[in-house]
Structure formats: C-alpha cells, structure tokens
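Asks: Dock chains B, C and D against chain A, hints included.
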Amino acid sequence: MTLTREGVAYRVACDLPEGSYVNLGVGIPTLIPTFLPAEKEIFVHSENGILGVGPYAEPGAEDPDLVNATKEYITLLKGASVFDHALSFTMIRGGHITHSVIGAMEVAANGDLANWRVPGEKVPGVGGAMDLAFGIHNLYVAMTHVNNKGAPKILNKCTFPLTAPRCVRRIYTDIALIEITPDGLVLREVAPGLDAKAVQAKTEAPLRVADDCRDMDVPAEFHGIRLRA
Amino acid sequence: MTLTREGVAYRVACDLPEGSYVNLGVGIPTLIPTFLPAEKEIFVHSENGILGVGPYAEPGAEDPDLVNATKEYITLLKGASVFDHALSFTMIRGGHITHSVIGAMEVAANGDLANWRVPGEKVPGVGGAMDLAFGIHNLYVAMTHVNNKGAPKILNKCTFPLTAPRCVRRIYTDIALIEITPDGLVLREVAPGLDAKAVQAKTEAPLRVADDCRDMDVPAEFHGIRLRA
Amino acid sequence: MIDKTVATCSEAVAKVFDGATIMVGGFGSPGIPSMLVEALRKQGAKNLVVISNNAGSDDWGLGGLIQDGRVRKLVASFPNSPGADAFKDLYMKGEIELELVPQGTLIERIRAGGAGIGGFYTPTGVGTELAAGKETRVINGREQVLESPLYADFTLIKAYRGDRLGNLTYRLAMRNFNPIMATAADVVIAEVDELVPVGTLGLEEIHTPGIFVDAVVKVERHPRLFEPQRARRAKK
Amino acid sequence: MIDKTVATCSEAVAKVFDGATIMVGGFGSPGIPSMLVEALRKQGAKNLVVISNNAGSDDWGLGGLIQDGRVRKLVASFPNSPGADAFKDLYMKGEIELELVPQGTLIERIRAGGAGIGGFYTPTGVGTELAAGKETRVINGREQVLESPLYADFTLIKAYRGDRLGNLTYRLAMRNFNPIMATAADVVIAEVDELVPVGTLGLEEIHTPGIFVDAVVKVERHPRLFEPQRARRAKK
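Residue numbers (the working numbering), protein chains in the order written: chain A, 1 to 229; chain B, 1001 to 1229; chain C, 2001 to 2236; chain D, 3001 to 3236.
Extracted from the complex, chain A is given alone in its bound form (with noise of 0.2 Å):
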C-alpha cells in the first residue's frame, strides 16, 4: 500500500508544529494546508510577499490583487500581513521562515537537492528554489518515492543540477519518511503495509533502519479525501 499525494501531504502536515512560519512549494506541498487542523496555528509564508496565506479563493469571490506563488488566488487569515519582495526575502534568506516544504526531481543521500532543472530542457526558471534550499533550516521534501518512469528520485548523487548541496532535512514520500543524516539516510516510516526492504528496493542510496521505524500514521480517508492508493 503507498500514499496518495494527499496522503503524502497529510503526512507532511502532522509534523508542522504550532508557531510555525512554512513556505510550501508547487506540487505535493500546495495540498498540505488542506490537511492542518484548525486548532494548530501554523503561518503560510508566500514569497510574493505575504505571511497568513488561507485558503484558495472561492469561485467568483478572487481578489484580483491577491494571488500566492503559484499564481492561484487565495484568501488571508486574520492576522496576515503582506510587504514587499526584499521583507519576504529577508525570511527566507535570513532564515526566519522555519520549515520549508518543497517537491523534488532528485535528492542525494548527502542532502543534495535537485528541483529546478532538467538537464536539456529547454527554457530554465529557478524562482525561489534556490533562496529556500538555500536559506532555510527545515527544508523538507515532499514527492513521490520514484520517477514517472519508476527509478529511483532518492541516489546516491544527484545527475540533473543542483539547487543546493546538503540542504534536505527529510524526504516524504508515498511510501517512506526518511531522514537525512550526517551519516546517511535513516528510514523513520514506512507506508503501512510496506516494509524497510520493500522502500530499499526502490532507493538508490543505502538507508539504514531507525531502530523506532514505524509504520506511517496515515488513516485511509480524512474527509472523504483519500490518503491511501
């Protein structure tokens, strides 16, 4: 059994912790706010520049004047405030943003990450990437364990371009939570129903097994979201 992308998401936000401040990238970490429990406050950082992102507009109700990142509009929380581009830099450069929750093509046993580039692709872009992986200290990954084509996304070095070397803190994905380490990758969870082994098969770099490696604490549903594949 693996996770679904939302399932990957939920996972993503059990460990965001109260008093939070967490930029989230495109792909798999858009879908976290969905998944933070209304008790928890936890603050969305757009780099665009405003801090207390909610949630998407409703249709008919947009703002014209307020979109996030991606470019999708959005609504503000009480207690949002929005500034210019060099204020929303300075968090993320200077490290004030305190989890950064973004998706991955590649990342290394060495925390080496690799999300702006393709090799050979045509026209690049690299927007915030680089500030994030740069600057901030929770950097985690979200994505799916292996690529489109079934290889492997976690390696022992990354082959497409780098973002930043040793910046990822820990890697969710459908089937696993690892840990990166100074000594390597630890695996901390499994998908339920998967074992270490099973996770291994489809990760290049060695992981070794934390000795409390557990099950992942994903329920099937949450509000008629499916979590489980």
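Everything labelled a hint here was simulated from the structure, so no lab data went into it.
Note that the Cβ used here is the ideal one computed from N, Cα and C, for glycine as well.
Where hints are given, some of them may not hold.
As the list claims (entries may be wrong) - Stretch by stretch, here's where chain B covers chain D in the computed footprint (C-beta under 8 Å, at least three residues):
| id | segment |
| --- | --- |
| 1 | 3027-3039 |
| 2 | 3102-3111 |
Unchecked claim - Derived pair list, reagent style SDA-like, types lysine to any residue, alpha-carbon separation capped at 20 Å:
| id | chain 1 | residue 1 | chain 2 | residue 2 |
| --- | --- | --- | --- | --- |
| 3 | B | K1122 | D | E3099 |
| 4 | B | K1157 | B | K1202 |
| 5 | A | K78 | D | G3127 |
| 6 | C | K2088 | C | E2099 |
| 7 | D | K3088 | B | E1121 |
Replies: Just chains B, C and D now, with coordinates in the frame of chain A:
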C-alpha cells in the same frame, strides 16, 4: 559687511529648486526652512525616517513620537511620509536626496570635507555625516568663513579627519559663495560691501574670481530677522 | 507646485530610448504595470534590456513586448511560467538573451542598486550553475557568492493609489517588486488605479515615498489582468 | 493558540545572559524601548555588547545600563549626544569599548544580519578613519569598503501597537531602527503602548510582521521619554 547665520541660511534657501529633496544638517542648515518660500514645494528629509518635515512644533503641541535628526520636536507637511532607517538611508546612500546642506569645520580646495571630528576630541560621533557626504551629489556646506579664532576654514588641505574626500560642491559663508570645480575654488559671490580680495584674505586656498562674480543678493532683513551683520 | 501626474501612458514612456534598461514590477497579475508596457510597445524603443521576475503572459503586456522582438535581454528568475510563450520561442531560437537569477538574489540586487550598495555576498546559488564562474569567499564558515547591483534607466511599476507628489500605496499582493524597483532607476513611472489629493494617503502607510517617483498616470486596468478562470482551473 | 504576549518586562528579559549582544532600537526618544532596558538593568546581566544608534541619556534607560557598568562594548553612530554622560565618562576612563559606525552603514549592517547577507560594499567611509584597515575594492570606478553583518542574541524594540502574534505598527518617527533590528536577533522582544486583538492592525500597514517577534509586552511609557522642555530649549 557680513551675513548673519540667518543670512547665510537665506542665501542657501534661494538656491534650492522647487521639487528638491533636501537633507539639512546641524548648525546653520537648521535655519534654512524659515527662508524657504511657501510657494516653492521643497521636501525636507530627516535621517530618522521622515520626508516632508514642517516647522517646529508649537510649545505645548509637541508630539512625543515626532522629532527630527537633531531630536527637536517638529511637525509634518501634507504629503509627508515616515519610514524605517533602512529606507531613509537608501534615500541618502542611493543618491535620491537631491541636496544636502551641512556644516563644516574645514573644507579643502579639492572638495575634501572635515565636519565630524576634531582631533583629540574626547568622544567621537559620526551620525549620518559620512553617508550624506558620500551619497549626495549636491553637497553644499553652510558655515562661517573663519573659525572662532579667526583662522580660515577653507584650506589647501584639511587638517582634521576627513568626513569624505572630494565631496563638497559649494560653500556658502557669511562673506562669500564659493564653487568647487575640478580646477579649484571659484568665487561666485561676495557679501555686499566686500570684495574678492577681502574674501581671499580670509581663505587659505587660492580663489579664482568668476567672470560674473557679484554681490550676494541678501536683503538686510526678512520678516524682522536680520540677515546682515 | 510639483505635479508628477502625466495624462497618458504614451506621454509617460515617451523618452524610453533604444537599448534602455527597464525594470518592470509585478508578480503574477498583481502589481503588473500592463498599461505602461502596452504604451511602450506602441512607443517603439527596441533593443531593450528588461529586468522582471517573469517573462509576461501570452501576447499582451511584457509577453507582447517580447513577441514584438523588442527585448534583447531578460533578467528574470522565472521566465518559463505558463503563458510565457513569446519568451520561450525566442529563447529557443537564440534570439533573446537570458540572465537567470534566483528570485531572492534578484530583489536584493535591485535593492542594492537603489541603496547605493556596490555588491553583496549571499550563500544562495553557491555550488550551482547559477553561481558558476562568480567570485566566492567563505564568510563565517559558509561559502558565499558576490552579487552585483541592478540599476535601470526606467522603472515601470503599478500601484493602487498615488498622489501628485508621487507617493504610492499598494493593495494586497500588488506590492511585490514594485517599491524596491522604484528605488533603482533614473526615471520611475507608476500607473495607478486611483489618483488622490495630497494628504489622503496615511503618512505611516505610504509604501513608496514620492522622492522615488518621477511620473504618475491614472489608468483603467488592462482587461487581461484578472483571469479568475485560470485561477479556477488551477484549483482543480 | 500562539500567544507571544508576556506580562512583564522582567519576564521578557529574564533570559538575557552575561556577554550577550543586544540591539536596542530608537532614535531620540521616539521608539526607545525604555521599559525593557530598565528591566534589563534590574535583571543584572553584565558584559553586554550593545548595538544602538545612541548611548542613551542621563541615568535612565540605556544611559543607566551603561552607568551601571554593564556594557562592555557599544556599537553606535552617535554615542556623544547631549546627555550621554555615562558613556562619555566610561569611554574617557577606557572602561568601555566603542565601535563607531556611520549611521547608514550601521542600519545596512543590521539589515544584512537579518537578511542573510554575508557582507556588502559601500563607498561610505572610504579614505576616512572609519574605514582604516578595512578591505576595499573599486567597483564601477568607485572605491568601496567591505562591511560585515550585525546580528544579536536579543533585540529590544518599542512599537506603538502589537497583537499576540507579534505583528507591530509604529507611530510617526518611532519606526527608525526598530523594524530592521527586529529581523536581526535570535530573540526579539517588543514593548508596545497598546495590545490589540488579532486582525485589528491593517494587513497592509503592519510594519513588523509577527514572524520576527518572540515576545510582546504592554507598557506604560517611561516618564522621561517625553521632554518637551528640552525641545523648547533646542528651538531657542
């Protein structure tokens, strides 16, 4: 005949064009606002984060949260804005302030300025003097022509520690208006009743007399304030 | 009396010259000076260097300017967003130059240009393609790359409200690059949704003080600026 | 629920340790966190390094902290203002260290500390005593000096209004160093004149977003903060 301190301030005020953004230092420059004609819109900047400084606050009407760079209680003009120190010094160091008028202890023929520290002075302080001297293109000095011992302050070379090299464009004193050019000092105006020779006698550095050198156009008084001594 | 208001966008951009460097504010649709960019398209200056986070959208605004072949070089962090087809086409044909800059480095370089900073060190990009060949040094145990300021001949920005002195405020996410770009060009031109009398904007709430602004034009918003349909698609 | 409010200044400064580096906001009396500094005097930490534009006034606030011999080193632009007698006395006796920094360089160094900038080049100071011995380089034909970031263990600031999330606004000239210092310390403590419910402060008008702030204390203003008599003398 010489100008009073107010007379020097009056003469400087005449040269500030409409639409200029002006930082005024301590000493004679603080007297300038009195002489800015009401019909000319000029924006006075205070380094502590104010653009659009108005007259001093009336006694009893001071606002505890509103002082200028000299810590005097002031008022604001319509259209004024307040901001933080970083933006305030962006205005100065980025060269957005069009004119700075400051006092000086010494000015050299090449435009070197010394106005922040007397050698042997006990406790040093620099404030924003260097930022102004390095940042503002139209840096004007307003001062008495000689020091309180009667010795020249316009020298071949400064003897006091420099605020900035080659930064002063013009010097307004109680007896002359001198422009600093790549070829040295040019005497543009002399106080009514004096001549170039009298000014040179009180100036260490050599003065070239401008072809159109003329009397300073400063009346004897202005709204009851004596401008000539 | 100082009056920085200008009647039309055409008048406001009249002095843009061939080869000029131009900053264009905005992120997504909020804060994009579309009407000024459209006026620039009509004005005709070519060989432009444009500094902007994105490469515009479709065939209007900055996308249109690029499609018209008027931009020699783009300095941007994310020129490959959906809709930036004009840029992508020209880039693939080798007909437009790209300087790709991490977004935080981009805004910091613009701020440095406006604040008189000659250069700065940042860790962002070290060890990646985007810092290749650049000078680095280790500061406090961390390798950092030296980045240079950006400064333009003209900056085009959009604000919500403005007055004749050039004081500006921005609504919600319109602010983004605009107030910083306003500090970093010889000539700064703002299009605004509303022109208000001096004194209307709260003195503690002015985001761009008039000192930075040379011209203010009141505009109707470009009809393409607000596209909730796309937003709805994005939510699916 | 996040609640950054703290009941008393003593509680807010309780964790300041001997040898800590402390930024103190304010310029003149506006924006000076006097009650926090008074609490710090009572708290007792010594050997402090203080970063502040001025050296305080007379025998209260920062002036008092210095007079009590608790400050080992001051980083300031104008420590010799009228009333800074405690600093002047100790400095003359060689009992306090001074790092004198041009005011614009001071705020830029603090901003760099908060923004993750490793260092920057500025023309300010080149060829003067204050850049003596510092690394310089010529950039665009102008010699510039390399300046380093400033970062503190604790920042003490004053704001006008604050909420439990740490969002702050400043009245008039209170802003000065405060919002920038709020970005550049491990622990940021704000005293405010008014505590307001979340949502009261306009989202476009929040000058310091709560992300930067760790603790908010409501205070009555220090009685010495407002001294119009001095202002009247200054006008003569």
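Asks: Taking the hints in turn, state whether each one holds.
Replies: Evaluated hints:
Counting residues of the segment 3027-3039 of chain D whose beta-carbon sits less than 8 Å from any beta-carbon of chain B gives 5, enough to reach three: the coverage restraint holds. By the rule of at least three residues with a Cβ nearer than 8 Å to a Cβ of chain B, the coverage given for the segment 3102-3111 of chain D holds, with 7 such residues. Note on K1122 of chain B and E3099 of chain D: the hinted pairing holds, with a Cα-Cα distance of about 15 Å set against a maximum of 20 Å. Among the hinted pairs, K1157 of chain B with K1202 of chain B is consistent with the structure: their alpha-carbon atoms are about 15 Å apart, no more than 20 Å.
A C-alpha spacing of about 51 Å is found between K78 of chain A and G3127 of chain D, which places the hinted pair above 20 Å, so the restraint is violated. Of the supplied pair hints, the one linking K2088 of chain C and E2099 of chain C holds, its CA atoms being roughly 14 Å apart against a limit of 20 Å. Between the alpha carbons of K3088 of chain D and E1121 of chain B the distance comes to roughly 11 Å, so the proposed pair stays at or under 20 Å and holds.
Violated hint for the displayed structure: number 5, the only one.
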